[in-house]
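Q: In order, the protein sequences belong to chains A and B. No gaps in the numbering here: position 147 of the first sequence is 147 in the numbering used here, and each next residue is one more. When you read off a place in the second sequence, starting at 1, and then add 1000, the result is the number in the numbering used here.
Any given hint might turn out to be false.
Once the Cα atoms are required to be at most 20 Å apart in a straight line, the calculated DMTMM-like pairs of lysine to aspartate or glutamate come out as [stated by the list, open to error]:
id	chain 1	residue 1	chain 2	residue 2
1	A	K237	B	E1031
2	B	K1154	B	D1106
3	A	K243	B	E1031
4	A	K73	B	D1198
5	B	K1200	A	E71
6	A	K73	A	E15
Simulated from the structure, these hints should not be mistaken for laboratory data.
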Amino acid sequence: MNHDVYKCKVISKKEIAPNIVDVTVLCREIAETAQPGQFLHIKCGDEISMPLRRPISICDTFEDKVRFIFERKGRGTNHLNLIEDEIDILGPLGNPFTISNDAFCNPVVIGGGIGTYPLLKLAKLLEKPTVYLGFRSKSQVTLEEDFKAASPNVTVATDDGSYGYNGFAIELLKDKIKQDKVDVIYSCGPTPMLRAVKELAEANNIRCQISLEQRMGCGIGACLTCSCETTSGGTWKYKRVCKNGPVFWSTEVVL
Amino acid sequence: MNLKVNIAGVELSNPIITASGTFGFGREYGEMYSLDELGAICVKGLTLAPRAGNPPPRITETYGGILNSVGLQNPGVDMFIKNEIPELKKYTCKIIANIAGNTIEDYCEMAERLSGSGVDMLEMNISCPNVKEGGVAFGTNAKTILHITQEVKKHAKIPVIVKLSPNVTDITEMAKAAEAGGADALSLINTLLGMAIDIKTRRPILANITGGLSGPAVKPVAVRMVYQVAQCTKLPIIGMGGITNGDDAVEFMLAGSNAVAVGTANFMNPYACVSIKKGIVDYMNQYHIKDVNDLVGQVVIK
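Bound-form chain A, shown alone:
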C-alpha cells in the first residue's frame, strides 16, 4: 500500500481562471510516491453533513509538495475552496499512466478543459511530447507556461478561436497523425473529446491511454460505485474507475 490519509498543510492557493483553483499542499509521503495520472480523494467538509470525499487528480509533485487544481462546481468543491489551513487527503490512489520511453517514442498528450491538469506531471516525464491543450475560450486557458516548460511542442486551442488554434484540439491531433509518426496518445478531458481521441487512435492503430472520471465512494476499490463499462462485456463488464483506473487503455473501455 502506498496510500494513506494525510493532513496536508496548504502552502498556496489561488484562482487561476474563473472558478479554477490551484492548490499546493505539503505532503512528502504523497509527493514522493505519486505517479502521473493518480488522484487524491479529498475531504471537503465535515463527515456528518458531507459524507463523501471528492476525487481530484494530481497535477504535479515536487520534493514535499503536491499540486492539484479543481473547478468550483458544486457543494463539495465550494466547501473545499473555503479550507485555508489543512486539507485531509487520502492518496495517492489509482492506476497511473504507463510510461515507457523505449516503446513509446513520439508521444502525444491531449487534454481538454480541467482534463489538462492531470497531464502536466506526465508531460514533464515524457521525452519532448507533443502537447495539445483545448479550452472553451481565452479566459479558461490555464497552465500554458507550465506545459511549455515541460515540452517545446505545446499548442493551445480554443473552441471559439479567442486564443491559439481556432477549433477543437482533436483537429490538431488528426493533422499530426496524418503528417508524423505517433506511437502513443495520452488523454484526459470531456467524454466527447475522449471518444474522438479513442476512435482516432484505434482507427490508426495507435496505443492510447485515457483518464476517466466518475462519481466515487471509497476511492480504494471496495464499494464498486465508480464503475465504467469495459469492452469485456458480460458479467465482468464493469471495472472500478478508482482502482482499475482512472487511467485505462482506450481499447479496454466503452465510452
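Place chain B on chain A using the hints.
A: Leaving out everything else, chain B in the frame of chain A:
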C-alpha cells in the same frame, strides 16, 4: 474492560461489524489496517451466479448521506468461497456472508454451499432496494419473510441473520415474522429508498433512477427502528444506519443493538471502524462501564 459480544452463539472480539457492500471482501481496507481490529466482516452481497451490477453513475451525495445503486455486482458465491474465504481466514474477525437471491431456492442453495465453507454466519439480504427481482420484494411482506426464513433455516448449518428493510409500514411485524421463521439474529436497517435529480439536465443522478439512502441522515430512523424491534423480539440485533463515531455506536447499543455495523462512514474515513471502536472504549471509561454488553437496551424511558 470487556468488548466481546455474542451473536447467536458466535463470539465477536468487539461489537464492530462492517456493513455489507461498503467494505468489499476486506482486501482494500485490509491493506490499511489489520482486520483483526474488527468483530466481524459482513461481505459484499453474494448471489448464486456472478452479477455485473447496474450501469453508472451508482452513487451520489445528499445532505448528510449518500444514495447508492450498485445492484449487487459480485463474482458469485463459488468464486467467493474459492478466492475470498482463504484470505479472510488469515484474520481473527468473524465472517458474515450476505446472500441475495432471485428465488427462495437461490437463498437455500447459497445457504447450503456456504455452510461448512468457513463462514461463521449468514445474513439474508431480503432488503436490497436496487435490484428488480428478489431482494426487497421478499423483505416487505411478513408472510414472505416467515416462509423464506423457514426455508433457509432448513439448509443453513450456521446461524442466520435476517437483514430488515426500513421501507415497510411496521418493521416490528417483519422482525416478529423473521423470529417466528427461526432467524438467529436480526440486522437493521438496510438503506431507505431515495432519489435525486440534477436540475440542470433534469435527469436522475443515478442511472438506476432510485437508490438506497444511507449515512448520518438516516440515523434517527434507524435508532427508532432498532428500539422498536428490541421491544418486540428476543433476538440479538446488529444495528446500523449512519454510525460515524463512537457516540453513534453507543446510541445504537442503548436502543437495543448487541453489535453495530459501520458502512458509509468507511468512505470518508477508511479507519472509521477502528476509531468508532476507540470511541466506544472512551465512553465506557468515562462512564465506568466494564462490559460493553451492559449498554445493550439501556435507554431509560420514564
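Q: Confirm or reject each hint.
A: Hints versus structure:
{"no.": "1", "hint": "A/K237 - B/E1031", "result": "26 Å, violated"}
{"no.": "2", "hint": "B/K1154 - B/D1106", "result": "13 Å, holds"}
{"no.": "3", "hint": "A/K243 - B/E1031", "result": "13 Å, holds"}
{"no.": "4", "hint": "A/K73 - B/D1198", "result": "13 Å, holds"}
{"no.": "5", "hint": "B/K1200 - A/E71", "result": "17 Å, holds"}
{"no.": "6", "hint": "A/K73 - A/E15", "result": "13 Å, holds"}
This entry does not satisfy hint 1, going by the numbered hints stated previously; all others are met.
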